[in-house]
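Student: Counting the sequence shown from 1 gives a position; my numbering is that position plus 18.
By construction, these hints were calculated from the structure, which means they are not laboratory data. All clues stand as given, with none of them false.
With a straight-line Cα cutoff of 20 Å, these simulated DMTMM-like cross-link-like pairs (lysine to aspartate or glutamate) come out:
| hint | residue 1 | residue 2 |
| --- | --- | --- |
| 1 | LYS42 | GLU80 |
| 2 | LYS20 | GLU72 |
| 3 | LYS42 | GLU75 |
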Amino acid sequence: MKHIVEFCANNAAFGTDQIMNRLKEEQHCEVYEYGCLTGCGMCYMSPYCLLDGETVEAETAEGLYRRIIELIAEMDGNAE
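Hey, can you work out the whole structure from these sequences and the hints?
Tutor: As structure tokens, this is what we get:
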């Protein structure tokens, strides 16, 4: 099953653009970038994305990447 990961272009200042590129290499992810995810200012507060429609946040872009991978593993029943 492929998971949909959506990013806000305005959130790239936190380094989410690098996370997007890493996730594009993952076979179980479809990655999209939009001008706005209608998070009403979330993109200016912290790194975040939508994973299968649910908001995922972290303090850093690297933390966001780890959290996304962790959640995908849990969803797929592969939690470590």
